[in-house]
Each structure stands twice: as structure tokens, then as C-alpha cells.
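Protein chains: 2
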Amino acid sequence: MTSAPDHRWVIPVTLTPPILADNTADADRLAAALNKALGTTTMHIGLTQLKALPEQLRQWNYQARAVLFKTENDRGSLVHLTAPDATEPLCGAAVDLGTTRVVLRIIDLETGEPLGERVFDNPQATVGPDVLARIHHVDAPDGLDRLNRLIVDGLNTELNALCRTCAIRCENIHLIAVAGNTAMTHLLLGLNPRWMIREPYIPVVNQPPVMEAAELGITAGPNARVLIFPNVGSYFGGDLIAGILFCDMDRREETAILVDVGTNAEVVLGNRNWMMACAGAAGPALEGGVTRMGTTAGPGVIDRIAIEERTMQFDVHTIGDQPPRGICGSGVIDLAAALFRSGMIDIRGKLLPERCGTRFTIKKDLAHLIVVPAAMSGTGEDLCISQADLDSLVRSKAAMYTILETITGSVGMTQAELETFFVAGTFGAYIDPQSAITIGMIPDLPLSSYQSLGNSSLGGAARILTDPSGFDRIKRIRDGITYMELNVNQDFMNRFSAAKFLPHTDTARFPSVRVPGNGGRNS
Amino acid sequence: MTSAPDHRWVIPVTLTPPILADNTADADRLAAALNKALGTTTMHIGLTQLKALPEQLRQWNYQARAVLFKTENDRGSLVHLTAPDATEPLCGAAVDLGTTRVVLRIIDLETGEPLGERVFDNPQATVGPDVLARIHHVDAPDGLDRLNRLIVDGLNTELNALCRTCAIRCENIHLIAVAGNTAMTHLLLGLNPRWMIREPYIPVVNQPPVMEAAELGITAGPNARVLIFPNVGSYFGGDLIAGILFCDMDRREETAILVDVGTNAEVVLGNRNWMMACAGAAGPALEGGVTRMGTTAGPGVIDRIAIEERTMQFDVHTIGDQPPRGICGSGVIDLAAALFRSGMIDIRGKLLPERCGTRFTIKKDLAHLIVVPAAMSGTGEDLCISQADLDSLVRSKAAMYTILETITGSVGMTQAELETFFVAGTFGAYIDPQSAITIGMIPDLPLSSYQSLGNSSLGGAARILTDPSGFDRIKRIRDGITYMELNVNQDFMNRFSAAKFLPHTDTARFPSVRVPGNGGRNS
Chain F
1 MTSAPDHRWV IPVTLTPPIL ADNTADADRL AAALNKALGT TTMHIGLTQL KALPEQLRQW
61 NYQARAVLFK TENDRGSLVH LTAPDATEPL CGAAVDLGTT RVVLRIIDLE TGEPLGERVF
121 DNPQATVGPD VLARIHHVDA PDGLDRLNRL IVDGLNTELN ALCRTCAIRC ENIHLIAVAG
181 NTAMTHLLLG LNPRWMIREP YIPVVNQPPV MEAAELGITA GPNARVLIFP NVGSYFGGDL
241 IAGILFCDMD RREETAILVD VGTNAEVVLG NRNWMMACAG AAGPALEGGV TRMGTTAGPG
301 VIDRIAIEER TMQFDVHTIG DQPPRGICGS GVIDLAAALF RSGMIDIRGK LLPERCGTRF
361 TIKKDLAHLI VVPAAMSGTG EDLCISQADL DSLVRSKAAM YTILETITGS VGMTQAELET
421 FFVAGTFGAY IDPQSAITIG MIPDLPLSSY QSLGNSSLGG AARILTDPSG FDRIKRIRDG
481 ITYMELNVNQ DFMNRFSAAK FLPHTDTARF PSVRVPGNGG RNS
Chain W
1 MTSAPDHRWV IPVTLTPPIL ADNTADADRL AAALNKALGT TTMHIGLTQL KALPEQLRQW
61 NYQARAVLFK TENDRGSLVH LTAPDATEPL CGAAVDLGTT RVVLRIIDLE TGEPLGERVF
121 DNPQATVGPD VLARIHHVDA PDGLDRLNRL IVDGLNTELN ALCRTCAIRC ENIHLIAVAG
181 NTAMTHLLLG LNPRWMIREP YIPVVNQPPV MEAAELGITA GPNARVLIFP NVGSYFGGDL
241 IAGILFCDMD RREETAILVD VGTNAEVVLG NRNWMMACAG AAGPALEGGV TRMGTTAGPG
301 VIDRIAIEER TMQFDVHTIG DQPPRGICGS GVIDLAAALF RSGMIDIRGK LLPERCGTRF
361 TIKKDLAHLI VVPAAMSGTG EDLCISQADL DSLVRSKAAM YTILETITGS VGMTQAELET
421 FFVAGTFGAY IDPQSAITIG MIPDLPLSSY QSLGNSSLGG AARILTDPSG FDRIKRIRDG
481 ITYMELNVNQ DFMNRFSAAK FLPHTDTARF PSVRVPGNGG RNS
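In order, the protein sequence lines correspond to chains F and W. The first sequence begins at 1 in the working numbering and counts up one residue at a time. The second sequence begins at 1 in the working numbering and counts up one residue at a time.
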């Protein structure tokens, strides 16, 4: 789908030198050439650039390389002008502004090549771990300012470190694209997000203007521009718009679905003609989220589990092949699928003591399954999963499935009709679709339908820096999305209840899943 | 022609408060309403305003008054937002940025009413009296910076004084419109004008972007915007564009001519469909200018003279009715016309001693006419005009007439076909058209054709502040002008020579002028 861009944001220009019969001013002459190259009707050249322009053009014999950006589809801006033969790097920075983690990628704006990447914890975590805690913190004295400074300072520090790694200087960064959820982008801009969590849930801004890095306090090139991805609302942020851009949903003929499970589950269904979206923070059924289970991925954390059905042996894989210390989201889904296949949990997700054998234990009056016995664990203690964890997983997977069912149903589609199922984010990168299908979290599509996008938020931000046509698409994507409030009514609750079984009350929906005790595959 | 504007830059807004079913963000909700009111497609709301917006809208119950401006025809900017019932003045400042004098006018942006006006000498005069001297000064160390600071500081000082007179504060100024020649606007912006006076005469910029007052160092409202009128080239500046806007030439069906005689003579001929322009600094015939005669208007300066033909008595009027100390441009034209009518100069402008009688004298080998004898003058000395002054006037008037003949001829018109002849500037305000016709400086049209516009540069700048539609017209005017280089070829010189007689070699062109010695009116 993705083709090489016509041009990049760095444009070589060769002007016809002025003569008496063509005495257009320097700036207007340059603007005309830049408009032609970028396909814009207006080209903004700021005062500091105007001041330098006459000497530059004459010294460079009316040739130059220009770093451009846009403020609207038909309106360009000159960001930086350099000599035609200058060797200075002309770079951009893509930012995935996550609630938990922030990822930076530096890109060569001329070639489109990535030069380096860096991940760091969002420093606002010291104030609160999640979006809600941080939004509440803005009501504390200087709370908003503190949150703003934490992320701005963090970005500056880490960007500077990444620049060093890439052997460039911060001043070589001329364009920055930031994709994040609505709350995170508000805090980066220093905008008060307090009304986002109060009915009727209103952000300050849906489509922030392109800003100067300097007004945001970000250290970069002297006229560096910052694009903040627009949001659709408080619960559907720019990270998702970036994801749509990255997977080209807005250019595809066939209908695809994009699922991003981070703090919330966000789902977009659509094609080049229409898009329907919803986010899973809307109803009480989803409280607790769909991935609030297990620990964050890290060394020694179990990310994949299989159970050898004949021997009931657990085959555990840990990150970095360290002794197991915990289990992350994808590991929990693998585990639940394996437990279900081996008959150790029933269709309600309840542990069956007679099938679990010595792995079954009671702790604090609650049934537990020992995943890794103390002797083999990295902590010296049994690594367990409790019935409560499993119940939570069942609710989460039911919520996920119900959201998917609801959104496809809203446009009169069945889930089976989905040809492409994009899974974004860490969840998408680590999860085994087969396990997720087994427990009925996602529909029973051919495995080839599932495509993991990786960090599509970062990917979309990077796309903007490498392909100017992406700029125009963002606004079309945003404006074209119909956001569906998840109406948690009786109908939704009925669907949700039906989805609280493994894989589903209606097993016919999961023909590939063998339901234990059923004597074989469903038919 | 001029009708009341549909709306002004101050717009009252009443937003529908957000509800769950309409949860557009605050900024996007406001932008939509402002776009609708202003007829724009994009509305820029800057970061500082975004920060304040959520509390403002809720406190004001989703009502407000907005000061808007544009950056392009279809692109608006929110400049200031205030409570619906706030009593703060919302003002703008129009600036006529002359080489010699600067005029400021403060305008109430809500009513369009002028609140006060102030005139001051351009402080750059300490560096050099005219455009050329100032442009040369930029090559001195810190020359450009010095010239820039002189005018910026001057504007701040005088604007502050005018604000006090008008009982407002500088922060109440939200919009500023500046009309000046190309060199003066370059110096205000801090742009190097050195290439304007070197072939092929290239300004840095023809159409400066709308700027923030702060980036120009001008003290005004926190987000005040500055519009600098665009120029057509080095010799046709924004003051003329302002003049065209002010006299509505771009909206008229019939063809009119606009003549602005300041340092140079600038002429525009046209109507709503086309405009042709030229400026009189182009050729050697015009060196010395068309008004480099007499002194600047001031107390005691003769601005009107008549000669009682029977008694040959001089009837002298001075500014402020003070004893005469000098004679200004309009006085010189009146004098020449009167001398010609009374036969004291011939058709070449030469003093005729026998007709001048005791008023004729020789000083430093040069013929002089005593306009006011020492006994009656304010200086205690004879107030004289020399033959050299008269020769200079004849060359100037011939240049003026030749330019007018050339520009009308270029579109196949005769001067007699002109229905409206606008005369701009001080020249236009003080000159007696009858006297100018008598000496053949301007064509022999009915006196009712002549309309003095006064300070049309200031008037055009003020128009932008009172009528938003003016913004869109400026660009159309600028882009619609065909600038004609005054090609000083043999043809031009022949016309110029023919015009060096009073009123003209071809007296049939001036039927209303009685040529002395001709025995009566031409027929």
C-alpha cells in the first residue's frame, strides 16, 4: 500500500536570478518556487528568515535547500534554509508520547532513513501512574505546570542524548511529530485536561495548530516546528490517528480493523470511504481495563507459555531467558489458552482442581495455580496466577470481544467479514493471535488476517516526517472518523455476558477452537 | 462607493455549550463559530490563548467577544478574547509610515470610530533626510539596526503618548496596520533594503506576512498583530496600495487615476478590472523630484498666493496667518500660475523683468522675484523665488504631466477621458487644481474631476482596521497591478520637452487656460 513519497520536506531549490524584467522580491521569488514544489498556495517565511534571505540567496547564487512544513493542507512554512552544498544534517524527531513510556526516533529528513531510537519512562509517572491520576494532579497547586515541565524536560534530556548517539546536534532537528493520547498531548502543551474527565468530557483542543518548538520549550532548530497529532475526543487520541495513518486504513479499499490495547482498548473499523471508532474506557463493564493483568514486560518476565497436553508439562519462555519472575499480558493470554486447551480451567475460566493436580493450591482462601514452582522461579517463591486474575482476564477478554462485536455490528458487518485485523502496540507485538482466539478475545479469523503493527503511534509520527502527503491525510482521517460512544445498555451487557465464556457461549463462532470435553472441534 | 462593513474585527460569539452528543473541544467549537462569522475556513488559536480558553468559556457561560484578524483571505487568527460584558477598549492603530513624517491614528475596533491622531517626524531623519541616504546608511556598522531601532522606538513612544491622549493603554491595541513606502517598511521590519537601489532593484519581500507586534518590538496587546501593506516593487510601496484601497479604485466601474506626490510621483490608473501603475523615480528626467521646491509646510509658510491682475498686488496667505517666512509646494504652484496669468513669466517660465517691475532683482548673478519684501516678511529679509526655482518647477511639472500622458497613453486613453482624478497626500490636500492646470502640471479636466484624498495612506491603513473585507482586497489590488517601468526613451523625452512650456506646447490641450499675449482663451 505504502509507496515512496513524491518528495520530502527537504526540497532543493534553484531560482531564476532577478532581472529588470522580473524584479519580484527575494522572498516572493523563493515562496513561489517552494509553493510549486510542495503543491501549496501560500508559503510563510518568517521574519528571522526574511532578514537573512537577501545575502543568502546572493551568496548561494540563488540555489538552496529548504526544510519545509505545513500549517494547513494548502499552506506551507519555510522552516530552515541552507546552502545547496551544505553538509549539515537535516533531521526530524518522531515521538510516541505514551502514558507509561515515550519513544523517540530521529529521522534523516532528506532520505527518510531512521538514524536512531530511544525509549524512556514518561517522567510524569512520578506524579501518577495513569492518565486519571495525572489529570487529578492538575488541580494541585502548580500541578499542571509541574506535569508540563516533567515531560518537556524529559523530552529535552532524552532527545539530546539520542542526538549524541546519532552524531547530530539538537539544532539539526527541524521537524517534530508527536503522537499521544489526548491527555498526554494536553500536558505536553500545558493545556488543562481537567474537563476531559468530567461530563461531557471536553478536551481543550481537538486539532492543535502546528507550533514552534521554542514556544513548547523544546530544544531544537531555531525555527523547528512541532506537529501534535489531532484527537477525536478525550478518549480517542492522536496516537490512534497516527496508527490509522501508519496502516494506511484511509487508503484501503477493503474494510480493516485496527485494535490498540494500551491503557484502554481503542478500536477503529473502516476503509478509504468511512471509519468508525470507539474506545473502551466508556463503560463500567470495562473498568479495570482489558490488560490490567500481569506485570510489565522486562527481564525474567514470562511472555509465552505452552502446556504439553500429554505430559501437562509447562513450557515457559521468559524475556532475556532469565529465571521467571513474573508474567506479562501476552503470557497470561497464552497461559489461559493453554489451561483451557488442557482442561485445567472450564469454559467459565474456573480452575478445575482435579485437572490441575499439584499445581492447584489455596492461598488466602483463594484458588491459585502454580505456574512456576519456587524451586525454579527467579524469586524463590511460587509464581502463581489466582482465580481472581483469571476472572479478571475473562472479563477483559469479554469486554474486548464485545467491543469488536458492537463496532462491526454497528455497520452491519460480521466479524468473519474482516479481512485484515491490525493489532497495534505492545499488546499486538507480543500476543499470540492463536491464544487470543482460543480464549475468545478476538474473532476466529484465519491467522494470516492478523497483522501486528508494532508501535504504530511512533510509526505514524515518523510517516509524517518522511512523507509530506501524510500531513494532508491526518486531517482527512480525523474529520472522517465517526466516533461511537460505547453505550453500555442492556444489549451490550447481554453480549458481554455471552462473551464471558471461553471462547464464547456460541461456540459456533469459534470453529477453529477445540472445546475440551466437547470431544473435538466444534462443528 | 464605500458602504458600511458587514462586520468588524471584533465579533461577539455565543457558543452552544457542549453536551455528550456534541463534545467538540473548546478550541474547535470556538474556531467553528469564528470561521462562520468571519467567512474563513481556518481559525488559528495560539498556545497562550488555548491555555486560558477552558476556564474563560466556562466562566463566561460560552459567550465572549473576540478580536480577530487574518493571515490570508481564508485564514483567520484569534487575537484576543474577552468577556461578553467586559468594558475594556478594543482598539487598533493605523500608521502612515512616511519618510519625513509618521502619522498615527487610534481606532475603536468595535465602532470603527477614530479616537485620536498624532503626527511626528520620522526619527530616522537624524540619519538621513531621504530614502536614498537611509538606504546607504545600512552599509555603515550597525546601520540597519540603528535605523530599525529609531523607528521602532519612535513608534512606541508616540503610540504610548497617543494612547494616553485617548485614555487607553497600549495593551488595548490589538491590531496595527502600517502603510509606507517599500524602504520605510523594510526598515521597520529590520530588513536590509540595500538591493532595492542596485539594479535590478529587488526588495527583500513584496508581501510580508502578518506579524506579531512583539516580534517587531512594538508595544501593544499581548497577541497584537501587525499588517504591513504589501508593495509592488522597490518604487511602488504599500502606501500606494493603501491609497487605492482608500479611494476604492478596485471597486469602481469607471477608470480613475490616483496621483500621489511625496518624495516621488506615483501614479495609478485603473478600475475594478485592471490597474496600471508607475512611479516617477525611474528616470533622469525626474531626478530632483517633482516637489523639491519650497519649504515644508509650517507656521508662516505661504501656502496660497494670488495676484490681483489689475493692480499686480500679491495676495499672500500663510499657515497660521503668521508673517511670511517661506513658501511651500502648493504656494509655489499658485505663485507660478499667478505669475503666468499676469504675464510676469513667459511660456518657458522665465521671469519677464519689464512685467515684474520693482519685484525683479538680480542676486548672485541670478534673476529673482521678490514675493514678499523684507519690510513685510517674517524673516526681515526679502522672500524671493529665483529663476532656478522656477526652472526646477517647470521641469517638475513637465515630468508630472509626461508621466500622466505616458500612463494614459499606455492603455490607449486620452487624459480628457479621465472622469476622476484623485490627488493623494499633502500635495493633494493643499494644491489648488486650478493653479496646477494653469501651469500644465495636471490635465485640463473639469475642476469637479479632482478629488483630494488627504492622507490616503493613513486612510487605507485605517480602512483595514474598520472593514475586514479590506484585507482580502489588498492582495487582489497588489496582484492586479501592472507596474510599468517608466522607460525614459526618446519618445518620453520628446513628450517631456513639449511639456516644458506653460501650460504646454500644444495649448489646445488646455482650453480653459488663458495664455497671456494670446489675447484671450485658447480656442
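Please keep in mind that the hints were generated in silico from the structure rather than gathered at the bench. What you are looking at is a predicted structure, and each value in this text was computed from that prediction instead of being measured. Heads up, a few of these hints could be off.
When chains are identical, the list treats them as one kind, so a pair holds in a single copy or across two.
For lysine to aspartate or glutamate, the following DMTMM-like pairs were computed, each having C-alpha atoms within a straight-line distance of at most 25 Å [said to hold, decoys possible]: (1) K51 / D479; (2) K364 / E308; (3) K363 / D85; (4) K350 / D139; (5) K364 / D145; (6) K350 / D444; (7) K364 / E199; (8) K36 / E171; (9) K36 / E72; (10) K363 / E381; (11) K51 / D22; (12) K475 / D28; (13) K51 / D142; (14) K51 / D130; (15) K475 / D346; (16) K475 / D74; (17) K350 / E212; (18) K51 / D145.
Homo-oligomer pair classification [D479, K51; C-alpha up to 25 Å]
between (38 Å within a copy, 24 Å between copies)
I want to check one pair: K51 and D22. Are their C-alpha atoms no more than 25 Å apart within a copy, between two copies, both, or neither?
within (22 Å within a copy, 46 Å between copies)
Which holds for K350 with D139 at a C-alpha limit of 25 Å: within a copy, between copies, both or neither?
neither (43 Å within a copy, 87 Å between copies)
I want to check one pair: K475 and D28. Are their C-alpha atoms no more than 25 Å apart within a copy, between two copies, both, or neither?
Answer is between: at 13 Å across copies they meet the 25 Å cutoff, but 28 Å inside does not.
Should K51 paired with D142 be assigned to within, between, both, or neither, using CA atoms and 25 Å as the limit?
Close across copies (14 Å), not inside one copy (39 Å); limit 25 Å.
Checking an output row: K350 and E212, CA cutoff 25 Å. Within, between, both or neither?
neither (55 Å within a copy, 66 Å between copies)
How do K51 and D130 come out at 25 Å by Cα distance, when the copy is not named: within, between, both, or neither?
between (46 Å within a copy, 22 Å between copies)
Under a CA distance limit of 25 Å, which applies to K363 and D85: within one copy, between copies, both, or neither?
Classified as neither: same-chain Cα gap 71 Å, cross-chain 67 Å, threshold 25 Å.
For the identical chains here, do K363 and E381 meet the 25 Å Cα criterion within one copy, between copies, both, or neither?
within (13 Å within a copy, 119 Å between copies)
Measure nothing new, just compare the shortest in-copy and cross-copy C-alpha distances for K51 and D145 to 25 Å and report within, between, both or neither.
between (35 Å within a copy, 11 Å between copies)
Pop the pair K350 and D444 into one bin, within, between, both or neither, using alpha-carbon distances up to 25 Å.
Intra 22 Å, inter 107 Å, cutoff 25 Å: intra-copy only.
Copy assignment of K36 with E72, given that the CA separation must stay at most 25 Å
Both ways: K36 and E72 sit 16 Å apart in one copy and 18 Å across, limit 25 Å.
The structure shown violates the earlier hints numbered 2, 3, 4, 5, 7, 8, 15, 17.
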